[in-house]
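Engineer: Each chain is listed here by its residues.
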Amino acid sequence: MDYAVEAVNLVKKYRTKKRLGLFKSAVEVVEALRGVSFKAGYGEVVGLLGPNGAGKTTTIKILATLLLPDSGEARVAGYDVVKEADKVRKNIGLMLTVERGFYGKLTGRENLEYFATLYGMSGGKAKERINYLIKLLELDRLGGDYKLYEEFSLGMKARLSLARALLSDAPILLLDEPTLGLDPPSARKIRELVKELAHHGGKAILYTTHNMFEAEIVCDVILLINRGVIVAEGTPAELKERIPKLKVVNLILKSETGDVYAPLKDIDAKYEVKVEENGLYSIKLHLKKPEEVLDEILKKYIKRGFEIVSIKMEEPTLEDVFIYFSEGFT
Amino acid sequence: MSYVDVLKAEYKLVYSEVFRRKTALVTLVLYPYIFTAFTLFVGYAAGSPRMFVERVGVDPVVYMITASFMLMSILVSIDELLWRPLFDTYIGTITYILASPISRLKLYSAIPIPRLTLLAFMGFTSIVPVYTVYYGLSGLVLGLVVVAVLVVGCLVMIPFAIVVTTTVHRVGESWRALNIVRPLMMVLLGVYYPRTYMPLVGYIISSLIPSSHVVEVVQRLLTGMQGNLFTLFVIAFILAFTYTPLGQFTLKAWEHKKVKEGVKTS
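Note that the protein sequences, when read in sequence, are chains A and B.
In the numbering used here, each number is its position in the first sequence, counted from 1, plus 79.
In the numbering used here, each number is its position in the second sequence, counted from 1, plus 50.
None of these hints come from the bench; they were simulated from the model.
Where hints are given, some of them may not hold.
[Said to hold, decoys possible] The list that follows gives simulated cross-link-like pairs (lysine to any residue, SDA-like), each with its CA atoms no further than 25 Å apart: (1) 310/B with 117/A; (2) 349/A with 387/A; (3) 307/B with 104/A; (4) 274/A with 313/A; (5) 103/A with 93/A; (6) 118/A with 312/B.
No experiment lies behind these values; they were computed from the predicted model shown.
Isolated chain B, as found in the complex:
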């Protein structure tokens, strides 16, 4: 079976969930604004916007909406992967997936793509209009570039997400572990708290996450500190390629464990 066919099937599955469940769609559009409003509220309460501009070099509204969009894009698209085995177990489809001859790597690498496409379009309802208001035509161009860069950021995250998913789901009551993994990722991606300010251990762990390099690319684009953007992309891709065979291995190990215990059918 071709990868395109698997992708088509996943598109239909995800879009049926989003478009037939209107609240999901509305939440998706509103999320960057809600998160930005919340962060700005906290930020303005604690310090002044002028200080923020002096320290970071970007208007806090622009910075926060970008951070929220980045976080949403990366986390929500990999969330599809992180929660999918639990969702499939809950509704009973896992049995038929595991009893089918489909390549597990093909299926699991296709799972985040539909949501990612949707999120890329959400860039046009969040960062692109805000950038345009703040910077005019150059803001529009910058917005489009940031959306494109983030698509790459999400794609390089997929192999890493497969490793995390299939490792976490080897543990009993894996949803508890996921509730720890997700907030950790939020911090370690460096979207709100740039990794250059992190302690050394945090910086090293963050550097092992492919998307964190792409997040830094976006931050550099915003602040005008362009420097070695290409190197950051290369590191992200090298990490993604390194995690791919590891992902295949952890997928097999996860499936073996499921089958050894017996796939739940009821």
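One chain only, chain A, in its complex shape:
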């Protein structure tokens, strides 16, 4: 199978200066990537999910030929990102930082015309493509056709940024946090379009985000990245399956006088207790085998005069999965 993107053991270290005084400084080495390997196929959205500083943008930059890796290898559309950068550039559409990257005194359309030239498009072909994209992203409706870029709202900037990524109709799209800071309608529009482009347009899309909800609804495959390492990989459902049967139990109890912490003393689980009004307590228990211990916990509470108001069991969310894999929580 031909993969759109293949990364093998990518390593990148940044050397920064640590100021120790007016004249003294030391070199500090930050390991941004510590052996990142993955593959992404055509027709799917692959999400790089991780917190700030995890290595998402560094990975995207290497794949976009904007950063050289210290070691390892990456191929985009079959071309080596270091040795065949020119060929890689013809096969990618790029969207980085939503709020900048255009010329303020040009209109949205003029900006797209300028960048079309950089991609070797001109004349009727460029015009036709730009017209299509302006309509697709509803920039005409928002006035992006004639407004100067410096007058754009953040949502319009994001739409224009995605339009630029789609200009050359490249088979591979590298999108770095494309919905960051956007209003819900713009974010939704971009998410829908991304899915459409992959599933019906056959494009390979690498999509970075730290938004779990977004990753779950947009991505076909998720790569969990933390501290420069991919800690887990799979579909959202597969990832949830892979964590041990960890269930979250929400208990609501009522008591005017009882000690809510006493029955939790000897249990092997993480818990959070919230004291509510009118003698109500909300307890969140993270249990491996609730069927074995929950009964005993409830008996202890009843014995101490607590009234059980409600019991609710929850499936783990992608956030639980991420915490499990990145922090080793069991």
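Assemble the complex: chain A is given as a structure, and chain B must be docked to it using the hints.
Structural biologist: Positioned in the frame of chain A, the structure of chain B alone reads:
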């Protein structure tokens, strides 16, 4: 992609900045007059105009407006190149330029052309009317010739400017270096201080700048010392052709350094 398409894109970009930012346009028109007024003020305070005519052979007003126009034409058009990487970094467009497949040499050699065209037209608001007032119809013709010669002067400067730009921007905080390079160029071009009066080292360095030869052509046209104008043009062109492959090399080296460090995205 053709060079014409790249040029068209650059024209639109530069003219949108100039015509949609009216102060930029007004400054451009006024610059030669302001600079001339300032230089004449200083000049008249220090010496007499008659002495100037005796020594240089041209009326100081004509000489200074020509010098200001030459300086503006050459410096402002190469300024487009000198500052462009910083501007693109500041607004975040550098990422998309470097991630695009465009030929860097094509793009960077097209960058100064739109401003140069504009400046050529500015000749009609500065030197041409002044020459006409001073010399009549022959002044009008001389003005047109000087504008044409200066266009050549700016064009031959482009490869040299690419070398300077891509070398300077390899340094951290390159804007500091640019603030040294620009005044040096102002002096070494020889527009206010003809290079024939420079010390030997200054003369040699000035001779390595393609436009300085064209500046001398203009000065000779003004003073009537025509002599070997053709040779000066030939030297300017030879230098421009020599700097072209060097420019391509320094462009690649600059880009390699940017990518090695990581192109800034925020």
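Engineer: Next step is simple, just say for each hint if it's right about the structure.
Structural biologist: Status of the hints after comparison with the structure:
1. 310/B with 117/A: Holds, because 22 Å separates the two Cα atoms, which is no more than 25 Å.
2. 349/A with 387/A: holds, 20 Å
3. 307/B with 104/A: holds, 23 Å
4. 274/A with 313/A: Since the Cα atoms of residue 274/A and residue 313/A sit roughly 17 Å apart, the hinted pair holds (cutoff 25 Å).
5. 103/A with 93/A: Since the Cα atoms of residue 103/A and residue 93/A sit roughly 19 Å apart, the hinted pair holds (cutoff 25 Å).
6. 118/A with 312/B: Satisfied, since the Cα-Cα distance of roughly 23 Å is no more than 25 Å.
The structure agrees with every numbered hint stated previously.
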